[in-house]
Amino acid sequence: MIDIKKIRADFPILQRKVNGYPLVYFDNAATSQTPRQVIDCIVDYYSNYNANIHRGVHTLSQEATDKYEQARQKIQSHFNAKRSHEIIFTSGTTHGINMVANGFSTLLKLGDELIVSALEHHSNIVPWQMLCERTGAKLKVIPMDEEGMLLMDAYEKLLSEKTKLVFCNHISNALGVVNPIEEIIEKAHKVGAAVLIDGAQACPHIKPDVQQLDVDFYVASAHKMCGPTGMGMLYGKEEWLKKLPPYQGGGEMIAEVTFEKTTYAELPHKFEAGTPNICGGIAFGAAIDYMNSVGFENILAYENELLAYGTDKLSQILGLKIYGNSSKKAAVISFNIEGIHPYDIGTIVDKLGIAVRTGHHCAQPIMDFFKIPGTVRASFAFYNTKEEIDALVDAVKKAKMMLS
Amino acid sequence: MTIQEIQNEIVDEFSMFDDWMQRYEYMIELGKSLPLIEDQYKTEDNIIKGCQSKVWVHAELVNDKLVFTADSDAIITKGIIAILVRAFSNQRPKDIMEANTDFIDEIGLKEHLSPTRANGLVSMIKQLKLYAVAYQTQLN
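Sequences listed follow chains A and B, in order.
If you read the first sequence in our numbering, its first letter stands for residue 1, the second for the next number, and so on.
If you read the second sequence in our numbering, its first letter stands for residue 405, the second for the next number, and so on.
For reference, chain B alone in the conformation it holds in the complex (with noise of 0.2 angstroms):
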C-alpha cells in the first residue's frame, strides 16, 4: 500500500469513533502493535527531543525501503508514533521526504493533544522526515 492509502485506512478507522476517550483508547491499541525498537538502539541520539516522555526512533533501509522500530515510556506517545510507524515504515525514503500530514488533523489528533505533545507530535513526524532524506542522500 501506499502512504497514501494507508492514511486513508487509518482516517477510516478513527471515523468509527465518536468521542475522544474512543479515540484514546484505540490509540492506545495500537501503541500496542508497535514494531519496538532494539534494546541497543535506545541510545541517547535515538530521543526524539520535544517530548515530555522519552521517544526512541531508529531507522533501517531493508531493499530500498525505511524500516522503523520505536518506543516510549508513556502509552499515549507509544500510541502516536505506532500511528506514524505504521504510515511511514516499510516506505521509499523519497515518498516519505514527500508524503503529506494531513491526516494527523484528520484523525484528531493535533486538535485533542495538548501543545506540548503536538510539539512532540511535530518533531516525531519532522525526525522520520529526516531519516528519509538522510536515506535518500546514501541512494542518490
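Pulled out of the complex, with its shape left as it was, chain A reads as follows (with noise of 0.2 angstroms):
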C-alpha cells in the first residue's frame, strides 16, 4: 500500500504553485522529481565528503571512493547483475547506448544486420544509425500495430545468422506500451545475436532482473527513477564488455600508459574514463534506496490504479483519442483532441498549473505511423493522485473549449 501523504510530503516541489495553481506534474516520464531524501544525501555529498575519487590517500577521497563504489553495488543488487563490475556509470540512458554502438564497431563487418523496434526514441535509433554508416552493417525494424504492439511474427522473419545484435526499449517513452522483451531476447540469442534493452521507461516502475531476463545490455538514466540528471547506469554481461574496446580514452581508465602502449583498466574502469559524476552516482543510489523502500509491487499497483482512472476519465472527453492501448502499459496516456494542436493542449493546461509534454517525444517515427505531428503526453508516477487527473481532466475540457 502507498501512504501517499507521507510519500508526497517526500518531495518538496509538489509543494510549489505554478501560474497561481498547485502544481500538477505529469511529465514523469520526461524525468521525476526529486524526494528529500535523495535532496539530503547531494547536499551530504558536497557538504562533507567532495573529493576525487580512486586515486587519493587522504580520508575524504577514501570516504568519497566507497560511497560511490557502494552505490555501484547498490545498483547491481537492484538489476540483480552477477558481479558489480558489470554495472558501468554513464552520464545516462543514450551515452550507455553509444557506449555499447561504439564498440561494436570493431565487431561488425559489411553485411551484418542489426535489429530496432519500430517503437523507439531518437536515442535507440541515430547510434545505430551512425554504427551501420561506420561499418556497412544494415538496419532493420520490427513492425508495430494500430495498439503499438510489436509485430513478433515478423520479428521472426527479420531474424537470421547474419543478425549480430538487436535493441528494443522495455516500454515505449511515447506510448507506454510494455514490449515482449523475454521473447525478443530469447529469439535473438537462438540466431546467437547480442541484445540491449533500453530501460529509460521501465526502471521507474519495475525493477528488472538481467539475470533472469538473461540480457546482454541493459541501460538506464537516474533522473527517472527519482535520482539526479546526467546520471545512468550501463549493465553488460561480463563477457560482452570485456570484447567492446573502451568508449573515451583518460585518466581513470588506464592500467599502463607509456608513448609506446596504453594497457587499459580492469571492469568496469575501462569504461569509465576521466573524473565521473561522484555525487551523481552516490545520489543515484539514495534514489534505489528510495525508491525500494517505497516498494515497486506498490508503485506499480499503485500507478495501475492511476493509469486506469486517468484512462477511463480521460476518455469520456469526446474526441479524445488514446494512442496505444496495450493491456500491457505503463502509467502514461498519450492522446490528443480531434482537431486539436497538441501543442495548443499543452499550453493552456499548463497555465492551469499542469505540466504534460507534447510534441513527438523524440520518436518521430511513431507519429509518422500515426500520421500525427505529436500527441500530448501525460505521465503518473507513485506521488501522483486521482484528484491531480481530475484537474488535469477538467484543465484539458478547458482547453477544448478555447480551442475549438
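Hints were generated in silico from the structure; no laboratory data involved.
Predicted model only: the values in this text are computed from it and were never measured.
Treat the hints with care, since some could be wrong.
[Claimed, not checked] EDC-like cross-link-like pairs, simulated, lysine to aspartate or glutamate; straight-line CA separation at most 20 angstroms:
{"id": "1", "chain 1": "A", "residue 1": "K400", "chain 2": "B", "residue 2": "E429"}
{"id": "2", "chain 1": "A", "residue 1": "K397", "chain 2": "B", "residue 2": "E433"}
{"id": "3", "chain 1": "A", "residue 1": "K398", "chain 2": "B", "residue 2": "D422"}
Need the complex rebuilt from these two chains, each delivered in its own frame; the hints are there to steer you.
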C-alpha cells in the first residue's frame, strides 16, 4: 500500500504553485521529481566529503570512493547483476547506448544486420544508424500494429545468422507500451545475436532482473528514477564488456601508460574515463534506496490504478483519442483531441498549473506511423493522485472549449 | 498607420483583459483574421524553425511595401503570428528592420508563453525582419 500523504511530503517541489495553481506534475516520463532523501544525499556529499575518487590516499577521497562504489553495489543488487563490475556508470541512457554502439563498430562487418523496434526513442535509433554508416551493417525494423504492439511474427522473419544485435526499449516512451522483451531476447539468442534493452522508461515502474532476462546490455537513467540528471548506468554481461573496446580515453580507465603503448584498466574502470559524476552516482544509489523503500510492487499497483482512472476519465472527453491501448502498459497516456494541435492543449493546461509533454517525444517514426504531428502525453508517478488527474481532465476540457 | 501606431493599438486592445484566459481567447480570435498564405508557398523553405507547431510565412513586395501572409497548424501559434503580421505587414522594409518589438512584452505575450514557444516567437520576429533585410537590399 502507498501512503500517499507521507510520500508527497517527501517531494518538496510538489508544494509549489505554477501560474497561481498548485503544480500537477505529469511529465514524469521525461524526468521524475526528487525526494528530500536524495536532495539531502547531494547536500551531504558537497558539505562533508566532496573529493576525487579512486587514487587519493586522504580520508575524504577514501570516503567518497567508498560511497561511490557502494552505490555501484546498490545498483548491482537492484538489477540483480552477477558482478558489480558489470555495472558501468554513465551520464544516462543515451550515453550507455552510444558506448555499446561505439564498441560494436570494431565487431561488425559489411553485410551484418541490426534489428530495432519501430517504437524507439531517437536515442535508440541514431547511434545505431551511425554504427551502420561506419561498418556497412544494415538496420532492420520490427513493425508495430495500430495499438503500438510489436509484430513478433515479423520479428522472427527478420532474424537470421546475419543478425548481430537487437535493440528495443523495455517500455515505449511515447506510448507507454510494455514490449515482450523476454521473447525478443530469447529469439535473438537463438541466432547468436546480442540484445540491448533500453530501460529508461521501465525502471521508474518495475525492477528488472538482468540475469533472469538473460539480457546482454541494459541501460537506464537515474533522473527518471527519482535520482539526479546526468547520471545513468549500463549493465553489460562481463564477457561482452571484456570484448568491447573502451569508449573514451583518459584518466581512470588505464592500467599503465607509456608513449609506446597503454594498457587499459579492468572493468568497470575501462569504461569510466575521467573524473566521474561522483555525487550523481552516490545520489543514484540513494534514489534506488528510496524507491525500494516505497516498494516496486506498491508503485506498480498504485500507478496501474492511476492509469485505469485516468484512461477512463480522459476517454469520456468527446473527440479524445488515446494512442497505445495495449493491455500491458505503463502509467502513460498519450492522446490528442480531434482537430486540435497537441501544443495548443499543452499551452493551455500549463496555464492551469499542469505539466504535460507535447510534441513527438523524440519518437518521430511513431508519430509518422499514426500520421500526427505529436501527442499530449501525461505520465504518472507514484506520488501523483486521482485528484490531480481530475484537475487534468478539467483543464483539458477547458482547453478544448477555448480551442475548438 | 505606422508600425508604432499599430503596436500601440494592439497594446490598448490587450490592456482591456484582466486575465490570461481572455487574452488567449482574444489571441485565438485574432488568429482567425490572419491573411492566409497560399498553399503553393506552404513549403519546407517557408517553415520557421524553433516552433513546436508548424508556422509558414511568405513575404511579397507590393508597391515598395512588404506584405506578409502566414499560417500555422496550431491555433495559439496562429494567433501570435497574426499579431506580428498585423504589426509588420504593409510596411516599408526599412521600417520593419528598424522597428522595436517591446509591445510583445507589454501585451504579456513573452511572459505568458512557455520557453519553447517564446523561442518560437523570437524566431518568428527574426524571420520577418530577415525578409525585410532581404527586400531592402533588393530596393537599394
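Consistency of the hints with the structure:
no.	hint	result
1	K400(A) with E429(B)	12 angstroms, holds
2	K397(A) with E433(B)	19 angstroms, holds
3	K398(A) with D422(B)	18 angstroms, holds
Against the hints set out earlier in the document, no violation occurs for any number.
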